[in-house]
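Visitor: Protein sequences, first through last, are from chains A and B. Residue numbers for the first sequence, in our numbering: 1 to 495. Residue numbers for the second sequence, in our numbering: 1 to 165.
Keep in mind that the hints were calculated from the coordinates and are not lab data. Every value quoted in this text rests on a predicted model; they were computed, and no experiment measured them. Any given hint might turn out to be false.
[To be verified] Here are the simulated SDA-like pairs of lysine to any residue, each with C-alpha atoms no more than 20 Å apart in a straight line:
(1) A:167 to B:22
(2) B:68 to A:135
(3) B:97 to A:322
(4) A:165 to B:36
(5) A:155 to B:97
(6) A:165 to B:29
(7) A:155 to B:22
(8) A:167 to B:68
(9) A:167 to B:97
(10) B:38 to A:322
(11) A:165 to B:28
(12) A:155 to B:28
(13) B:68 to A:153
(14) A:155 to B:68
(15) B:68 to A:165
(16) A:155 to B:34
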Amino acid sequence: MTPGSGSGPMKDCEYSQISTHSSSSPMESPHKKKKSVPKRKWEVFPGRNKFFCNGRIMVARQTGVFYLTLVLILVTSGLFFAFDCPYLSEKITPAIPAIGGILFFFVMGTLLRTSFSDPGVLPRATPDEAADLERQIDIANGSSSGGYRPPPRTKEVIINGQTVKLKYCFTCKIFRPPRASHCSLCDNCVERFDHHCPWVGNCVGKRNYRFFYMFILSLSFLTVFIFAFVITHVILRSQQTGFLNALKDSPARYPFMEKYSVVCFFSVWSIVGLSGFHTYLISSNQTTNEDIKGSWSNKRGKENYNPYSYGNIFTNCCAALCGPLSPSLIDRRGFIQPDTPQLAGPSNGITMYGATQSQSNMCDQDQCIQSTKFVLQAAATPLLQSEPSITSEELPLPGKTSISGPCATLTLGQPTPPSSMPNLTSDSGLTDIIPLKEDHEGHQFLTPEEAPSPPGMLPSGSPITHSHTMHVLSLASQDSLHEDSVRGLVKLSSV
Amino acid sequence: HCPQVHSLQELRRSASLATKVFVQRDYSDGTTCQFQTKFPPELESRIERQLFEETVKTLNGFYAEAEKIGGSSYLEGCLACATAYFIFLCMETHYEKVLKKISKYIQDQNEKIYAPRGLLLTDPLERGMRVIEISIYEDRCSSGSSSSGSSSSSSGGGGGGAGGR
């Protein structure tokens, strides 16, 4: 039994199917030769994310720099374990590779968790909610003040004595909770948005901030560890045989050494600096976003203080790192109910928790293959029959919804043109290599501008638009290059 | 004759959705999940104020319990950190446990209190923890039901849709 919104006329036939995930509603069955495979919500997710392992893994669109991060860490650690550890474990103690191994394991674990988990994405508003909000805004502003331009959409709340402005997000059609922000790269509103990190290939928000912090902290320990022991190695060898001979003794490493020592040196300082910066942020309970904008700095006024801070450093740190972990709100692996709005289908409560638990499982090959097969299978079936996104009582027959219409409005659904993204990411990738003092700017560069989409968007059209987009793209979900070209083609075709 | 709606199944079978009311979040205490206890005017004729407020207050209490920062949450956090967060693969977090309790509570409330009055609560988790969605149904056979009085521009079609059946 699922509590959920109902749409009137179809209920007679469908009430027995509410608690199941079957998507074959009566009007679809004549079209299908076999039972239709229900779609999972990640396949129609409106944001610009990529999903793997049937929705368990979620990353941002541009993952090139993430692979670079992986390669750098793996290669540096690999070289360390291969060339330095044998010597050092003999000469000094075998605890060195052991500790190095533990650090490496911790770094990889937290990196993968940061990259693959949901940062705290807020699902977009259902059409009913959006309509209700619009109505309330109109009432609040009064029809007379409409004038020549729409009134600003902000709400003010008082939190712990501070006045905080909540902005309305035109893309997600919600008033953003405090500390939430819309990431233009991922096209999602993210709770407690910190920044979008290209190195990690994902946004950093409420749900993965502690993983991110542990990642950079453990990475700084690892890089310092490796750097220190590489130098120790060279020193010890040179004590034995002289400095130049020490370099000659490891000929395989010598050509690497200069380049890697430069990379190591800069990365050590960048990462240590970044850890220090985030330690400061955690202890004062701010996000990178707030710090850069100076939201709570004293310069804005004597009365300005951070309303979220608990007062002392210890509590702030504990709250950020050891506080409760809220579950993912987007329910990636839930099935889409045929009679519900595509944006937020009410799924069976148990299913959702199962999904939440399993979302953290690492994938296995079978699942990936199956999901690809399923995607291709789903692609063969007509798209919109299982997603009557207009569930208000006005349209009793979802089939009435015209499919040709949304194609023309395809690009309206995406506020920021994808073509601008790669430039942004690649630029900032280069910026990030510049050492410590510009590190903040490197990340700042990616602080999302809150780009409101044109307010004149069709509210009922956009869910269809998104599902259409996602369907077209799900065919190529595993291949980012193909996806880009498909998206480009789709965009061109709609012009 | 117009039988009063007694159960959720009957609700879905015999009633049609008239409108939805959204109870928004209350951010005055920060980013913790709390909902406004303000009584929506559309429910004026459908349910007693006190029952509604009690439901919302209980839900608020559950969410506060889920997000409580204290001894047990620290323990969970530290243990998770020590295992490089791999423990989340096998263990259910405290928050998830409370969410299950909430889901049960809402179901319970729906069966006992809201469905008999032609209302249905939606778990906020299904709406991204933004709102408590209350669906107001009108009996198919009742004419000029009370909720139609509250229909506004967005749900004006709702009244029409129900009539258009």
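Visitor: With reference to the structure, classify each hint as holding or not holding.
Guide: Hint-by-hint comparison with the structure:
About 19 Å separates the Cα atoms of residue 167 of chain A and residue 22 of chain B, which keeps this hinted pair within 20 Å; it holds. Annotation: proposed proximity of residue 68 of chain B to residue 135 of chain A is violated, straight-line Cα distance about 35 Å (limit 20 Å). With a CA separation close to 17 Å, the supplied pair residue 97 of chain B and residue 322 of chain A stays within the 20 Å bound. Between residue 165 of chain A and residue 36 of chain B the CA atoms are separated by roughly 18 Å; this keeps the pair inside 20 Å, and the hint holds.
The straight-line distance between the Cα atoms of residue 155 of chain A and residue 97 of chain B is roughly 33 Å, outside the 20 Å bound, and the hint therefore fails. Only pairs whose Cα atoms come within 20 Å are accepted, and residue 165 of chain A paired with residue 29 of chain B is accepted, the gap being roughly 14 Å. For the suggested pair residue 155 of chain A and residue 22 of chain B, the alpha carbons sit about 16 Å apart, so the restraint of at most 20 Å is met. A hinted pair counts as satisfied when its Cα atoms are at most 20 Å apart, and residue 167 of chain A with residue 68 of chain B does not qualify at roughly 27 Å.
Distance check on the hinted pair: residue 167 of chain A and residue 97 of chain B sit about 32 Å apart at the alpha-carbon level, beyond 20 Å; violated. Under the criterion of a C-alpha separation no larger than 20 Å, the hint pairing residue 38 of chain B with residue 322 of chain A is inconsistent with the structure, at around 33 Å. With a CA separation close to 12 Å, the supplied pair residue 165 of chain A and residue 28 of chain B stays within the 20 Å bound. Proposed proximity of residue 155 of chain A and residue 28 of chain B is supported: the alpha carbons are some 12 Å apart, at most 20 Å.
Between residue 68 of chain B and residue 153 of chain A the alpha-carbon distance is near 32 Å, which puts this suggested pair outside the 20 Å criterion. Distance restraint check for residue 155 of chain A and residue 68 of chain B: the Cα-Cα separation of roughly 27 Å exceeds the 20 Å cut-off, and the hinted pair is therefore not satisfied. Restraint check: the Cα-Cα separation between residue 68 of chain B and residue 165 of chain A comes to about 25 Å, which exceeds 20 Å; the hinted pair is violated. Between the alpha carbons of residue 155 of chain A and residue 34 of chain B the distance comes to roughly 17 Å, so the proposed pair stays at or under 20 Å and holds.
Of the numbered hints given earlier, the model fails hints 2, 5, 8, 9, 10, 13, 14, 15; all others are met.
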